[in-house]
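Here my numbering is used: the first residue of the sequence shown is -14, the next is one more, and so on.
Just so you know, the hints here were simulated from the structure itself, not pulled from any lab data.
Be a bit skeptical, because a hint or two may be false.
Claimed, not checked - Each computed DSSO-like pair below joins lysine-lysine, with the alpha-carbon atoms no more than 27 Å apart:
1) Lys232 / Lys215
2) Lys(-4) / Lys215
3) Lys215 / Lys135
4) Lys215 / Lys48
5) Lys127 / Lys262
6) Lys232 / Lys168
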Amino acid sequence: MASSVNLLRVKVAPKGMGLNDFVAFEEGYYADEGIDVELDWKTFRGTQSSWKRYDYFQRPQDKPYTEGGGEQIVQCACLWGTISNASAGMGRMVADCHGVSPWSIFVRPESKIRKPQDLRDVPVAVGLRAGSHFNVPFRLEKYMPLERIKTVNVGGFGARLAALLNREIEAASLLPPQIDMAKQLGLREIIADEFHTLWWVPESAPKDGVRGYLNALERAERALKADLPKYLPLWRHCVPPEFQDRKWDFSRFSRGERFVYRPIAREEFDGVFEQVKRWGLDQHIGERSFEKLVYRASP
């Protein structure tokens, strides 16, 4: 383990869809890689809350780029979101790795909605231009015309689940751990799938720090595969504040996002711009060159 005085500081805003960040923290993997990771709880809690009053560039995850200060923060979002953010001038996509995360749409148990086709013209609660948003047209297009797919910007993880429970909306697009929370609350799953996530960093982020961070996530992935039950209680870090007074059985939670230490297929990158244009979500797309949007942590 490196001496604490020699550790390279790395600030990370967890997205809360997986356990790797917290396993690496608990097991000391960051220090082993020569980095001192500070978890950005302000940005993390902001992404869980309601940001329906905010436009793009005003969301909690955008502020490290739009409010100046030059702070180096490592973040992660869905494939479409990370590439769109980079194209709009907010950081670069890390090419070395990707994540695989569950996604679902839930309704209340008494809802008349029982299959994906029943979501026609039903506003689905999403977080603007994030994984919960992009997944809705991507998954529902096979069941209905694009113009019959409706979304409403509610905001972060906790806000969408709360809006569903409070009867503010009829359906919500959810990610881990809200998927497992919804199941324990007796909500009904209508459709489920998986999607890819990508990390994004400022262009000037120190490569040694980012590489050490990714190495630690890979070690955490191996630890999770070896003994998942040991780490499931770490989901407590990802429960939004408004749900922390409930009794959650973390032993019944799934493992959430998986870390994969290899690049996504180039075809996935190339397909993003066509997809977001078809969905009417390309208003802020700027740079499209892969080489100008990519960040490589590898030597």
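(message) If you test the structure against every hint from before, which numbers come out violated?
(response) 3 and 4
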